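Residues per chain, in single letters:
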Amino acid sequence: MNNLKIAVLIVLAVFLSACAPKQMYYWGNYSQSLYDAKKNPTEQSILTHQQSLENIIQESQKNNLRVPPGVYAELGYVYFRQNKKALAIQNFNMERRLYPESALLMDRLVNASELADKPKPSESIDLKNLNDKNK
Amino acid sequence: MNNASIGKMKSCLLLGVAALLCFFLSACAPKMITKGEKYPLMYEEHPASILILPPMNESTAADAKDYYATTIQEPLSFWGYYVFPYEITTELLKMEGIYDAELMKDLPLQKFREYFGADSVLFTTIKVWNLSYMVIAANLTVSVDCELKSTKSNATLWQYNGTVVVDLSGGNAGGGGIAGLIASAIVTAVNAAMADYVPHARRANLMALRSLPYGKYHHLYGKDQSQQFQEQFRR
Chain G
1 MNNLKIAVLI VLAVFLSACA PKQMYYWGNY SQSLYDAKKN PTEQSILTHQ
51 QSLENIIQES QKNNLRVPPG VYAELGYVYF RQNKKALAIQ NFNMERRLYP
101 ESALLMDRLV NASELADKPK PSESIDLKNL NDKNK
Chain S
136 MNNASIGKMK SCLLLGVAAL LCFFLSACAP KMITKGEKYP LMYEEHPASI
186 LILPPMNEST AADAKDYYAT TIQEPLSFWG YYVFPYEITT ELLKMEGIYD
236 AELMKDLPLQ KFREYFGADS VLFTTIKVWN LSYMVIAANL TVSVDCELKS
286 TKSNATLWQY NGTVVVDLSG GNAGGGGIAG LIASAIVTAV NAAMADYVPH
336 ARRANLMALR SLPYGKYHHL YGKDQSQQFQ EQFRR
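Order-wise, the sequence lines are chains G and S.
Under our numbering, the first sequence has 11 at position 11, and the numbering climbs by one with no breaks.
Just remember that our numbering sits 135 ahead of the position in the second sequence, which is counted from 1.
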């Protein structure tokens, strides 16, 4: 009797896993936490959004899914603003590797991070002028 | 009855059904068109990446713009496109002094290819984002025009409008009579106060995107020319 139950379960599991279309991306709580951070930009809501970005990456890796476009980059940008330049560069490079379409923009951001990393009297980063420095 | 008369009856019936169907379809069915017919440029240019520009706001709600912008990146990715991180690209555009897509309408879109490496840019226009009150009822409407333009040719690759109208009157609460009217007026007021546009904006997006050909990360990429959708006529 028990064997039968197990067999049925196995058949069901196989059947369901075969039929269910594999979800393309895991976006988690992204648009909700982004909306909250826009609507009420507090330290907490901004941190929550950062956590939802980190969570998307973890869950995607766990489930063997491609991290959705822009997530590595956005997290990199969060680190960039927190002055964690090495982490920022690491994430920009992940985005670039995963999505070659992002190469130009990611290179720009990596350059900006590297420039900003050099000791300067002011830590403000001028992305606007980066364009000229690249030439 | 012999076989011949049964056959005759059958064909008469078939004709009748066919005539009815024709009548029904021509009268009621919205005009359907395929993606390949409507958006041939999408299949010629094969844009792989989309840069979402800040929405243009023609509605009366000043905050609609920021909120709407949080809803579009995610669904576009599911359509198989590389979608540039909106939070970054808008910051960069601001540094260039560009806050409004209105300002970009006249720019050569080639600039976005040079600066971001984008194959296409998405212009969105919020047409309606409001509540309309009708004494004892309220409707919430979100309507958004989407237009995808090529950064190679400046041509419009895809264009569609998503509109969602939601009845917030909360059904027939309270039954009939004056008491019922008052009760349902209260329900309407409460629902309206809590009205959150964002979930409806998401639905409007999904409605619009239904007609968008799939991009390179989608398994139906390049295979969806014959998919049908409801054709819209510009107002």
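Treat the hints as calculated values from the structure; they're not laboratory data.
Owing to the predicted nature of the structure, the values given are computational and were not obtained by experimental measurement.
Some hints here could point you the wrong way.
What the hints assert, rightly or not - In silico DMTMM-like cross-links for lysine to aspartate or glutamate, where the CA-CA straight-line distance does not exceed 20 Å:
id	chain 1	residue 1	chain 2	residue 2
1	S	K358	S	D241
2	G	K38	S	E179
3	G	K38	S	D235
4	G	K84	S	D241
5	S	K229	S	E180
6	S	K173	S	D198
7	G	K39	S	E237
8	G	K39	S	E222
9	S	K200	S	E237
Claimed, not checked - A short, non-exhaustive set of chain S residues, derived as facing chain G with CB atoms under 8 Å:
id	residue
10	S184
11	A197
12	D201
13	T205
14	T206
15	Q208
16	F213
17	E222
18	Y268
19	M269
20	A272
Idealized CB from N, CA, C, for every residue including glycine.
Going down the list of hints, with the structure as the test:
no. : hint              : verdict
1   : S/K358 <-> S/D241 : violated, 34 Å
2   : G/K38 <-> S/E179  : violated, 38 Å
3   : G/K38 <-> S/D235  : holds, 17 Å
4   : G/K84 <-> S/D241  : violated, 38 Å
5   : S/K229 <-> S/E180 : violated, 29 Å
6   : S/K173 <-> S/D198 : violated, 33 Å
7   : G/K39 <-> S/E237  : violated, 23 Å
8   : G/K39 <-> S/E222  : holds, 14 Å
9   : S/K200 <-> S/E237 : holds, 13 Å
10  : S184              : holds, 4 Å
11  : A197              : violated, 13 Å
12  : D201              : holds, 5 Å
13  : T205              : holds, 5 Å
14  : T206              : holds, 6 Å
15  : Q208              : holds, 6 Å
16  : F213              : holds, 6 Å
17  : E222              : holds, 5 Å
18  : Y268              : violated, 24 Å
19  : M269              : violated, 28 Å
20  : A272              : violated, 27 Å
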